[in-house]
Amino acid sequence: MLWLRWLYDWVLSWADSPYAAFALFVLAFTESSFFPIPPDVLLIALVLGRRNKAFFYAGITAVASVLGGLFGWFLGHEFFGPVNSIIAWIVGPDTWYGIPGEGAELITLSGFDFYQYIQGHASYENGSVFLKVKALYDDNAFLAIFTAAFTPIPYKVFTIAAGYFDVSMGILALASGIGRSARFFLVAGLLWAFGPPMKRLIDKYFDILALAFMVLLIGGFLLLKKVF
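The opening position of the sequence shown corresponds to residue 1167 in this note's numbering, with each subsequent residue numbered one higher.
No lab work stands behind these hints: they were computed from the structure.
Treat the hints loosely; a few may be bogus.
Stated by the list, open to error - Below, a list of computed lysine to any residue pairs in the SDA-like style, where the Cα atoms sit at most 20 Å apart:
no., residue 1, residue 2
1, LYS1219, ALA1189
2, LYS1219, GLY1361
3, LYS1300, PHE1245
4, LYS1298, LEU1309
5, LYS1219, ALA1187
6, LYS1300, GLU1244
7, LYS1298, HIS1243
8, LYS1298, PHE1308
Unchecked claim - DEER-style ranges, computed between Cβ atoms:
no., residue 1, residue 2, range
9, ASP1304, LEU1356, 29 to 39 Å
10, ILE1203, ASP1182, 18 to 28 Å
11, ALA1301, PRO1362, 38 to 48 Å
12, ARG1366, ASP1332, 48 to 58 Å
13, MET1364, SER1183, 18 to 28 Å
We treat Cβ as the ideally placed atom computed from N, Cα and C, and that holds for glycine.
Start from the sequences and build out the full structure, keeping to the hints where you can.
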């Protein structure tokens, strides 16, 4: 876990950098559309370094994340063919498509052809996350996006899929704004209130907490597969 310790110390050093806020904005924006690492890592490091800016950093993270979600919507709406391969890479071809062994063929299809192919070869019961996300949007798009925005479920999958399924950008922006703000301000608020003890706890039990974080991150993908 030495590399994780180095990464933690490096990320924490951004708290003293004049580019800290910009780095946080970029991370939060890209994570909502294609980057795999959640912004919570940098947010926590920055807040622990400067507790007096806890809610400032939370605001930057929330705004950037929502804007990144809208960018993800644009990618899904206008460039689903190329972006489709990214989603499949994030959640796994078998999980996304629900058709084992045919990921490479599906990645080459355009958005419309992809949906037609999926409808003819996969089913909700077979575990296609693509069809499950579609069903969630048909049932309650606001709740689906809010849940993905607030929980460890991969938010980027829902933002890109929202664009492909032509979910209203207004619904995406509102649900994302509430969900992402609640998540990041909750994290910042807890660190603002209990910062020093939590920093000592992280320094003392870093290896265990790093492992727990990875389990939580992987658990989000498993939850997406099993529940949704």
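Margin query: Within 38 to 48 Å: is that where the Cβ-Cβ distance between ALA1301 and PRO1362 falls?
Written below: Once the Cβ atoms are compared, 46 Å apart, the range 38 to 48 Å for PRO1362 and ALA1301 holds.
Next item on the list: Note whether the CB distance of ASP1304 and LEU1356 lies within 29 to 39 Å or breaks it.
Entry: Taking Cβ atoms as reference, ASP1304 and LEU1356 lie about 36 Å apart, which means the hint holds.
Notebook entry, point to check: Are the Cα positions of LYS1298 and HIS1243 separated by 20 Å at most?
Noted result: Distance ~18 Å between LYS1298 and HIS1243 Cα, so the pair holds.
Check: Are the Cα positions of LYS1300 and PHE1245 separated by 20 Å at most?
Finding: holds (18 Å)
Check: Are the Cα positions of LYS1300 and GLU1244 separated by 20 Å at most?
Finding: holds (17 Å)
Note to self: Assuming the hint says 48 to 58 Å, is it satisfied by the Cβ distance from ARG1366 to ASP1332 or not?
What the structure shows: holds (49 Å)
Note to self: For the hint 18 to 28 Å, verify it against the beta carbon of ILE1203 and that of ASP1182.
What the structure shows: Given range 18 to 28 Å: holds, Cβ gap about 21 Å.
Check: Regarding the pair LYS1298 and LEU1309, is the alpha-carbon distance no greater than 20 Å?
Finding: holds (14 Å)
Note to self: Against the 20 Å threshold, does the CA-CA distance of LYS1298 and PHE1308 hold or violate the hint?
What the structure shows: holds (15 Å)
Check: Are the Cα positions of LYS1219 and GLY1361 separated by 20 Å at most?
Finding: With Cα atoms ~12 Å apart, LYS1219 and GLY1361 stay inside 20 Å; holds.
Margin query: LYS1219 and ALA1187 were given as a pair; does the straight-line alpha-carbon distance stay at or below 20 Å?
Written below: At roughly 10 Å apart (the allowed maximum being 20 Å), ALA1187 and LYS1219 satisfy the hint.
Next item on the list: Look at the Cβ atoms of MET1364 and SER1183 and judge whether their distance stays inside 18 to 28 Å.
Entry: holds (22 Å)
Of the numbered hints given earlier, the model fails none.
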